[in-house]
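Heads up, the sequence shown is in UniProt numbering, so the first residue is 1 and it goes up one at a time.
Do not rely on the hints blindly, as some may be mistaken.
Cut-off 20 Å, straight-line C-alpha distance, at most; resulting in silico cross-link-like pairs (EDC-like, lysine to aspartate or glutamate) [claimed, not checked]:
hint : residue 1 : residue 2
1    : K97       : D110
2    : K146      : D195
3    : K90       : D110
4    : K97       : D53
5    : K146      : D162
6    : K146      : D81
7    : K90       : D164
8    : K97       : D195
9    : K97       : D206
10   : K97       : D170
11   : K146      : E86
12   : K97       : E46
In short, the hints are calculated from the structure, not lab data.
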Amino acid sequence: MSSHYTYSLAIGNVVEAFSPPEIDVAGGVLKDSQPGDSSGARSNFEHFNLSLDVGQPRTLQCNINVRSKLGDPNLRYLRIDQLTDESVLKLIRNTSKSFTPLDQGVCFSDLFDLNQMQLLDESAPSDSPGEVSLVETVEALIQSAKVGGSGTLYVFGRGYSDPDGTAGIDEVHMTQGVTHPSRYQDGALIVSNGDGTYSGLFIAFDSQLSQAGGTH
1 MSSHYTYSLA
11 IGNVVEAFSP
21 PEIDVAGGVL
31 KDSQPGDSSG
41 ARSNFEHFNL
51 SLDVGQPRTL
61 QCNINVRSKL
71 GDPNLRYLRI
81 DQLTDESVLK
91 LIRNTSKSFT
101 PLDQGVCFSD
111 LFDLNQMQLL
121 DESAPSDSPG
131 EVSLVETVEA
141 LIQSAKVGGS
151 GTLYVFGRGY
161 SDPDGTAGID
171 EVHMTQGVTH
181 PSRYQDGALI
191 VSNGDGTYSG
201 LFIAFDSQLS
211 QAGGTH
């Protein structure tokens, strides 16, 4: 029996966050993933993992791309604060914890100029923009959505359910440059901050954006 995948939206609060191992330019591990892998989350070099309370008996596993391949600056990302686009907010406003498929596709590239997205550079010094800031951006974005906080996290991506009962959401990134209908099934992280404002984080593969005629 194989896994089942469908474009989905997960809504809930962060129970645990598993940042990926820190690495040096040569690929050596500087610091292992935190706080650990005991929950079964897919912590590895490429993903920042969240355990999300979506109001179901089991928490949901969220796998967020924060690297492409070691030494390959192939990811771009953009954080938008004060997100006000009504076509997005209508999907998440006045909703409760859930993990459900979406009947309507979403193309987040309509919200901004793709050339605004920052290129990830793993070989950059740790005090310059690059891989470290992407990990820190994810950590900062989800703070208000942690259990006990005033915010809620909305995760768009490819939902899956495995035969062993594990449920999660992958491909939390934009899908520009791929064939229809996947192009209109963009992944994203959006947070309601608890004060009436919304923030969004959008991640894309540079190779796909280039194919789509966007950022090069």
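Hints, one by one, checked against the model:
1. Under the criterion of a C-alpha separation no larger than 20 Å, the hint pairing K97 with D110 is inconsistent with the structure, at around 26 Å.
2. For the suggested pair K146 and D195, the alpha carbons sit about 15 Å apart, so the restraint of at most 20 Å is met.
3. The straight-line distance between the Cα atoms of K90 and D110 is roughly 15 Å, inside the 20 Å bound, and the hint therefore holds.
4. Straight-line distance between C-alpha atoms of K97 and D53 comes to about 8 Å, which keeps the hinted pair within the 20 Å bound.
5. With a C-alpha separation of about 25 Å, the suggested pairing of K146 with D162 is violated against the 20 Å cut-off.
6. With a C-alpha separation of about 18 Å, the suggested pair K146 and D81 falls inside the 20 Å cut-off, and the hint holds.
7. This hinted pair does not check out: K90 and D164 have alpha carbons roughly 34 Å apart, beyond 20 Å.
8. At roughly 18 Å between alpha-carbon atoms, K97 and D195 fall within 20 Å of each other, so this suggested pair holds.
9. For a cut-off of 20 Å, the pair hint linking K97 to D206 is broken: about 32 Å separates their Cα positions.
10. A distance of roughly 18 Å separates the Cα atoms of K97 and D170; the hinted pair therefore holds under the 20 Å criterion.
11. Note on K146 and E86: the hinted pairing is violated, with a Cα-Cα distance of about 25 Å set against a maximum of 20 Å.
12. Distance restraint check for K97 and E46: the Cα-Cα separation of roughly 27 Å exceeds the 20 Å cut-off, and the hinted pair is therefore not satisfied.
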